[in-house]
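Q: Sequence:
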Amino acid sequence: MKHICIIGGTGMLGDVTKWYAEKDCIVSVVARNKEKLNRMKFSCSKPDNIKEIIVDYCDSNTLQKLLKNNIHKYGRYTELVIWLHEDGLASLETIYRLLDDQSSIWHIIGSQRDAQQFRTQYQPSTKIGYHLIQLGFQRENNRKRWLTNNEIANGVIHSIQTGRSYNLIGELST
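Going by this note's numbering, the first residue of the sequence shown is number 1, and it counts up by one from there.
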């Protein structure tokens, strides 16, 4: 059985979490808010496949300890889906050390990021499969708007299914 870890899997990635769980994967979700995680979990048709890791991902020491315990209990992570705010990027090395060369990372970044520069700075130095998913915007009635959580989740799922090293959801300003 695949073991997926999703960091930021309760908000805009909630449907990604449920998609994996409903495909009979074990999905370990790193979240700061237990109530929000439980709301998402129990809206899933297979809530028992969702495992909680309640921690602030900025606390690298506690994050590492809880991820190690989770791996010990459910097995190595086959895939990792990451949405981190700027203040959490320092935890990436901690997370990467727990993966093996057969793991795949799906790293989601915002529209203001330079994808190539981000990849250069944050791609692990191992042979781990690393994929960037960049969030853009949608045009509607000649105006730009943020992507909805549903558009983001569907775009992330599509990106995972295609397996490309870079995917853009929506479009970027030129």
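Mixed in with the good hints there might be a few duds.
Unchecked claim - No farther apart than 30 Å at their CA atoms in a straight line, the calculated lysine-lysine pairs in the DSS-like style are these:
no., residue 1, residue 2
1, K34, K46
2, K65, K23
3, K23, K51
4, K51, K65
5, K23, K73
6, K46, K36
7, K34, K51
8, K73, K34
9, K68, K34
10, K2, K51
Calculated directly from the structure, the hints in this document are not laboratory data.
Q: With reference to the structure, classify each hint as holding or not holding.
A: Status of the hints after comparison with the structure:
{"no.": "1", "hint": "K34 with K46", "in the structure": "holds, 18 Å"}
{"no.": "2", "hint": "K65 with K23", "in the structure": "holds, 27 Å"}
{"no.": "3", "hint": "K23 with K51", "in the structure": "holds, 15 Å"}
{"no.": "4", "hint": "K51 with K65", "in the structure": "holds, 15 Å"}
{"no.": "5", "hint": "K23 with K73", "in the structure": "holds, 20 Å"}
{"no.": "6", "hint": "K46 with K36", "in the structure": "holds, 17 Å"}
{"no.": "7", "hint": "K34 with K51", "in the structure": "holds, 11 Å"}
{"no.": "8", "hint": "K73 with K34", "in the structure": "holds, 20 Å"}
{"no.": "9", "hint": "K68 with K34", "in the structure": "holds, 20 Å"}
{"no.": "10", "hint": "K2 with K51", "in the structure": "holds, 13 Å"}
Every hint, counting from the list given before, is met by this structure.
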